[in-house]
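Engineer: Below, each chain spelled out in residue letters.
There are 2 protein chains.
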Amino acid sequence: MSDNKKAIVLVSGGLDSATILAMANKENYECYAVSFEYGQRHESELQASERVVAALGAKEHKRIKIDFGSIGGSALTDASIAVPETPTEGIPVTYVPARNTVFLSYALGYAEVIGAHDIFIGVNAVDYSGYPDCRPEFIEAFEKMANLATKAGVEGHPFKIHTPLIAMTKAEIIQIGTKLGVDYAMTVSCYSADNEGRACGKCDSCRLRREGFEKAGISDLTQYQ
Amino acid sequence: MSDNKKAIVLVSGGLDSATILAMANKENYECYAVSFEYGQRHESELQASERVVAALGAKEHKRIKIDFGSIGGSALTDASIAVPETPTEGIPVTYVPARNTVFLSYALGYAEVIGAHDIFIGVNAVDYSGYPDCRPEFIEAFEKMANLATKAGVEGHPFKIHTPLIAMTKAEIIQIGTKLGVDYAMTVSCYSADNEGRACGKCDSCRLRREGFEKAGISDLTQYQ
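Just so you know, the protein sequences line up as chains A and B, in that order.
Residues 1 to 225 in our numbering are what the first sequence lists, from first letter to last.
Residues 226 to 450 in our numbering are what the second sequence lists, from first letter to last.
The set of hints was computed from the structure by calculation and includes no laboratory data.
No experiment lies behind these values; they were computed from the predicted model shown.
Check before you lean on any hint, since a few could be wrong.
With the C-beta cut set under 10 Å, the calculated list includes, among others, these residues of chain A facing chain B [claimed, not checked]:
1) Gln47
2) Asp67
3) Tyr106
4) Ala107
5) Asp133
6) Glu140
7) Glu155
8) Gly156
9) Lys160
10) Pro164
Computed footprint of chain B on chain A; a stretch qualifies when at least three of its residues, placed anywhere within it, have a C-beta under 8 Å from a C-beta of chain B [as the list claims (entries may be wrong)]:
11) 58-66
12) 109-123
13) 143-153
Selected chain A positions facing chain B (Cβ under 7 Å, derived; list incomplete) [as the list claims (entries may be wrong)]:
14) Ser44
15) Ile71
16) Tyr95
17) Ala98
18) Thr101
19) Val126
20) Gly130
21) Pro136
22) Glu137
23) Cys206
Glycine is no exception: its CB is placed at the ideal position from the N, C-alpha and C atoms.
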């Protein structure tokens, strides 16, 4: 392993972020996992993040509390907005305003403090839910901003935002992760998972996940309610 | 007042942010003030933000808790790092990694939820402490990123980050605020203010503030310890 190959890896407990943690480990990064507690309905997702980190390994695992609840405006943080069970046109109500911007901003601060210059995030612009902050143009703009915002960036140690999944289909992600030994049964993707982490099987996220396993030709061990 | 002229105004309780709240009010924005509680040493600064909002007026005042403490790395959030009493070379230890990036990210999420497209932040690149995230190139990059990150940006309602103070000297800021009726005695700029909000008179922030009053020819009513 080369010197100072530290990486921040954003781990939600879902399928995509488990895959990127496995990929970053495979590339010999010393991984600092970060999970965000942001008033999402699925506490079970955070428990999944702990299982994922325990199984795949990381130097550290930080859980950072984010006060999105007081802002509201999304079905994922506001109990008064229902999670839809059928695909919708345009950007859906599960969109959390500025979510990835806030997540990456924290990751950036944490990276700067520990002297990491690499941040992994499992965004995906193919089989995704239409969120604007999952697109390559957003990631590029964030990276550019990050290198103007920080002491490290200004002093010539630029940050790189790694998005290895951004152009993959869900099926491709599952195939790669399976080769790297990821046990997807421990991950939770569902927007409405119950306390035991069992999926609803109906939401957008469940639909994309199930189709991914089908197309990958890999059996889906997801536990449904 | 025109329709939908809502603005988010970042109010720290310091001299600069009090001035921008007065300026945004003067421009007839309906102001939504936001203050961040981020484990800074000076709780008295947050009390100052409440006095400032009460005196100058805002539609709402949100106080958002930010978990910087678990990241550390700055004299302003980590009690084990001393606040310097003499000017230092380069970016000082009072720099909080990614602070304005995180602040603006929350402001962006909040703006999107309430349907505001204007965000005011009192950054200043003249009489400032050398923080990279106070420079115009950072603000421009953030704005560009914000309009790629969000539903509103993508749907053709771009955000504007207003930085009316960015090119002003501290003396000019004090002159403008004084004309707009800002009572600076209620603001706290000091990095090491005591519980009553009295300034140390020694830190970088105190020095810039005192020089600003001198150059503006306005009497400095700051309470010193």
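Engineer: Each hint: holds or not?
Structural biologist: Cross-check of the supplied hints:
1. Taking 10 Å as the C-beta cut-off, the interface hint given for Gln47 (chain A) is violated, the closest approach to chain B being about 19 Å.
2. Interface hint status for Asp67 (chain A): upheld, as the beta-carbon distance to the closest one in chain B is roughly 5 Å, under 10 Å.
3. Because the beta carbon of Tyr106 (chain A) sits about 6 Å from the nearest beta carbon in chain B, less than 10 Å, this interface hint is met.
4. Interface restraint check: Ala107 (chain A) against chain B, minimum CB-CB distance 9 Å, threshold 10 Å, status holds.
5. Annotation: Asp133 (chain A) was flagged as interfacial toward chain B, and the flag holds, the nearest CB pair being 5 Å apart, inside 10 Å.
6. Taken as an interface hint, Glu140 (chain A) checks out: its beta carbon lies about 8 Å from the nearest beta carbon of chain B, inside 10 Å.
7. Given the 10 Å rule on beta carbons, the hint for Glu155 (chain A) holds: about 8 Å separates it from the nearest Cβ of chain B.
8. Checking Gly156 (chain A) against chain B: minimum C-beta separation of about 12 Å lies over 10 Å; hint violated.
9. Residue-level restraint check for Lys160 (chain A) is violated (minimum Cβ-Cβ distance to chain B is 15 Å; threshold 10 Å).
10. Taking 10 Å as the C-beta cut-off, the interface hint given for Pro164 (chain A) is violated, the closest approach to chain B being about 20 Å.
11. Chain B is given as covering the segment 58-66 of chain A, and this holds because 4 residues of the stretch bring a CB closer than 8 Å to a CB of that chain, at least three being needed.
12. Beta-carbon proximity to chain B at under 8 Å applies to 4 residues in the segment 109-123 of chain A; the threshold of 3 is reached and the given coverage holds.
13. For the segment 143-153 of chain A, the proposed coverage by chain B is satisfied: 8 residues have a C-beta within less than 8 Å of a C-beta in that chain, meeting the threshold of three.
14. Hint status for Ser44 (chain A): violated, given a least beta-carbon distance of 22 Å to chain B, over 7 Å.
15. At about 5 Å, the closest approach between the beta carbon of Ile71 (chain A) and any beta carbon in chain B falls short of 7 Å, and the interface hint on this residue holds.
16. Nearest Cβ of chain B to the Cβ of Tyr95 (chain A): about 6 Å, under the 7 Å cut. The hint holds.
17. The criterion of a C-beta within 7 Å of any C-beta in chain B is met by Ala98 (chain A), whose closest approach is roughly 3 Å, and the hint holds.
18. With a cut of 7 Å, the hint placing Thr101 (chain A) at the interface with chain B holds, because the nearest CB-to-CB distance is about 4 Å.
19. Interface restraint check: Val126 (chain A) against chain B, minimum CB-CB distance 18 Å, threshold 7 Å, status violated.
20. For Gly130 (chain A), the shortest C-beta to C-beta distance to chain B is roughly 9 Å, which exceeds 7 Å, and the interface hint is violated.
21. Interface restraint check for Pro136 (chain A): the shortest CB-CB distance to chain B comes to about 10 Å, outside 7 Å, so the restraint is violated.
22. Hint status for Glu137 (chain A) relative to chain B: holds, with the closest Cβ pair at about 5 Å, below 7 Å.
23. With a least beta-carbon distance of about 22 Å to chain B, the hint placing Cys206 (chain A) at the interface is violated under the 7 Å criterion.
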